[in-house]
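Enquirer: Residue numbers (this note's numbering), protein chains in the order written: chain A, 1 to 304; chain B, 1001 to 1105.
Honestly, the hints are just simulated from the structure, not real lab data. Bear in mind that the values here come from a model prediction, so they are computed numbers and not experimental data. One should not assume that every hint holds.
[Unchecked claim] Sample of chain A residues facing chain B (criterion: CB under 8 Å; computed from the structure):
1. 20
2. 24
3. 27
4. 28
5. 121
6. 125
7. 204
8. 207
9. 292
[Stated by the list, open to error] Here are a few chain A residues that sit away from chain B, every Cβ distance over 12 Å (derived from the structure):
10. 11
11. 26
12. 43
13. 126
14. 205
15. 206
16. 221
17. 256
18. 290
All C-beta atoms in this analysis are idealised placements derived from N, C-alpha and C, irrespective of residue type, glycine included.
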Amino acid sequence: MPIREKTLTGWITGPQSVKKVDVILSTFKALRKQALEARFGEWAPSFHPIFSSGKFFDEEVVRLVHAIQAQKSDRLIVVDPEYLRLQEELYTNAADLGLLDPKKNAHSIYCEMLKEGSSSLDEFRSALSLIEYNGGWISDMLKSALYEIVPLKGSVGDSRTEAGFSDYNLLGSIFTGMYKGPFPVIDLAIAFVHEVGHQVLFAQQLGMVPISEESFSKKIYSGVRKTERPAIASFHAVVALVYMNEMYKKLIESYRFNSAKERIYTEQRFEQTNSSLIVGVNALSSIQLTKLGERIVEDVKATL
Amino acid sequence: MRHLMLIVSGIAATFGGIGSVFGKVDSENPSDSVDSAIQRWISAERDVCASLIKLSDLEEMSAQEIYDFRLLSELISQVSDSPIEYCDSLLMENMTFTKPPKKRR
Chain A
1 MPIREKTLTG
11 WITGPQSVKK
21 VDVILSTFKA
31 LRKQALEARF
41 GEWAPSFHPI
51 FSSGKFFDEE
61 VVRLVHAIQA
71 QKSDRLIVVD
81 PEYLRLQEEL
91 YTNAADLGLL
101 DPKKNAHSIY
111 CEMLKEGSSS
121 LDEFRSALSL
131 IEYNGGWISD
141 MLKSALYEIV
151 PLKGSVGDSR
161 TEAGFSDYNL
171 LGSIFTGMYK
181 GPFPVIDLAI
191 AFVHEVGHQV
201 LFAQQLGMVP
211 ISEESFSKKI
221 YSGVRKTERP
231 AIASFHAVVA
241 LVYMNEMYKK
251 LIESYRFNSA
261 KERIYTEQRF
271 EQTNSSLIVG
281 VNALSSIQLT
291 KLGERIVEDV
301 KATL
Chain B
1001 MRHLMLIVSG
1011 IAATFGGIGS
1021 VFGKVDSENP
1031 SDSVDSAIQR
1041 WISAERDVCA
1051 SLIKLSDLEE
1061 MSAQEIYDFR
1071 LLSELISQVS
1081 DSPIEYCDSL
1091 LMENMTFTKP
1101 PKKRR
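Turn these sequences into a full structure, and let the hints steer you where they fit.
Expert: Written out as structure tokens, the structure is:
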């Protein structure tokens, strides 16, 4: 007799978590669409990450979003120059985001990086392919949770910033620069899935926070930054680390490495990430979790 | 996955009604069988449920699965069209760099 699939387990990892995130995000986007239609009527655009917070519903932003959506393909990396110009204008100037303003921040978006024929575009595409062909459910989650991947550069124009971020107010957009190490495509693929982890937790936070209110501002050890951070940030670090860990496992299991050095590098990085994850999960025992937080932690522990 | 998305997108607009169909979910007390609240939700949102579970497996759901199903239902019913301010304000450092950014000179 075949063993019945455990259909509802898996909150942050595995195929069931993909289905959960699909349903949560679809619900949220439908509600956002209703709000946009109430405000702009027939002129309302469809969902764009800029509408995540509900704070950017001014006409200039809507005009730009319409122009962007006219150019947007269903790909996560869009290379159309007009799309990239509009996207840069939206994120840098039109929406008062702060975090992407080159005058205020060490990083800014760098759409030029994705010019057709450039080596940086090759690295972005190779990293995505690595996930697509080896990632299994992680690849499905990436497609479900992401709207776009936005390239970053550093303050002196260096695109190999090794930095990436996600923001609760931009659901579906991940921002990342390139990597400097010996195997930058592997590092970039891992950076992408790290950000996917944040996006998955952001999606679940739309319905329920994982940490109880009394523990929210308590500082606990973060497995990513290796220092004490607010509990929610350290919780996010655990989820990002589990995504990195699971991707490393899948690469070690199924990727045909180009060299022995590449395999050894990946295995060593996995060991480091795994150690950080264990320390990070243990740190969560000092805070009070909600029902969602408890199920996520159980899910993470099952991967160790 | 694309097929799933189409199904989910198609019914997403009806999600606002889930809270009222399902009522206040008591996910603290998982039972061993599918209870009437879950049955009502499944009837009202059959397509959504079909994308989440195998309907033929309902009677065989374990207590853990029922707990998870209720928790997910509770979570979905709380998704709001307004920003979740407590997340915004309490997520003090919501930029999650994989490495700390260098200071701009």
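Enquirer: Regarding the hint that residue 292(A) lies at the interface with chain B, is the smallest CB-CB distance below 8 Å?
Expert: Holds. Min distance 7 Å.
Enquirer: Should the interface hint for residue 20(A) be scored as holding, given a Cβ-Cβ cut-off of 8 Å against chain B?
Expert: holds, 6 Å
Enquirer: Should the interface hint for residue 121(A) be scored as holding, given a Cβ-Cβ cut-off of 8 Å against chain B?
Expert: This interface hint is violated because 21 Å lies over the 8 Å limit.
Enquirer: Is the Cβ of residue 205(A) more than 12 Å away from each Cβ in chain B?
Expert: violated, 6 Å
Enquirer: Taking the closest Cβ pair, is residue 24(A) under 8 Å from chain B?
Expert: holds, 6 Å
Enquirer: Over 12 Å to the closest beta carbon of chain B is the bar; see if residue 43(A) clears it.
Expert: With a cut-off of 12 Å, residue 43(A) remains clear of chain B, as the shortest Cβ separation is near 19 Å.
Enquirer: When the nearest CB of chain B is found for residue 207(A), is that gap smaller than 8 Å?
Expert: This interface hint holds because 3 Å falls under the 8 Å limit.
Enquirer: Taking C-beta pairs only, is residue 221(A) more than 12 Å away from all of chain B?
Expert: Answer for residue 221(A): holds, closest chain B Cβ roughly 15 Å.
Enquirer: At a threshold of 8 Å, is the proposed contact between residue 27(A) and chain B supported by beta-carbon distances?
Expert: Given a least distance of 4 Å, the restraint on residue 27(A) holds.
Enquirer: Residue 204(A) was flagged as interface toward chain B. Is the shortest Cβ-Cβ separation under 8 Å?
Expert: This hint holds: residue 204(A) lies near chain B, its Cβ roughly 7 Å from the closest one there, short of 8 Å.
Enquirer: Please verify that hint: residue 28(A), Cβ, nearest Cβ of chain B, below 8 Å or not.
Expert: holds, 5 Å
Enquirer: Please check whether the beta-carbon of residue 290(A) is more than 12 Å away from every beta-carbon in chain B.
Expert: violated, 10 Å
Checked against the numbered hints listed earlier, the structure breaks hints 5, 6, 10, 11, 14, 15, 18; every other hint is satisfied.
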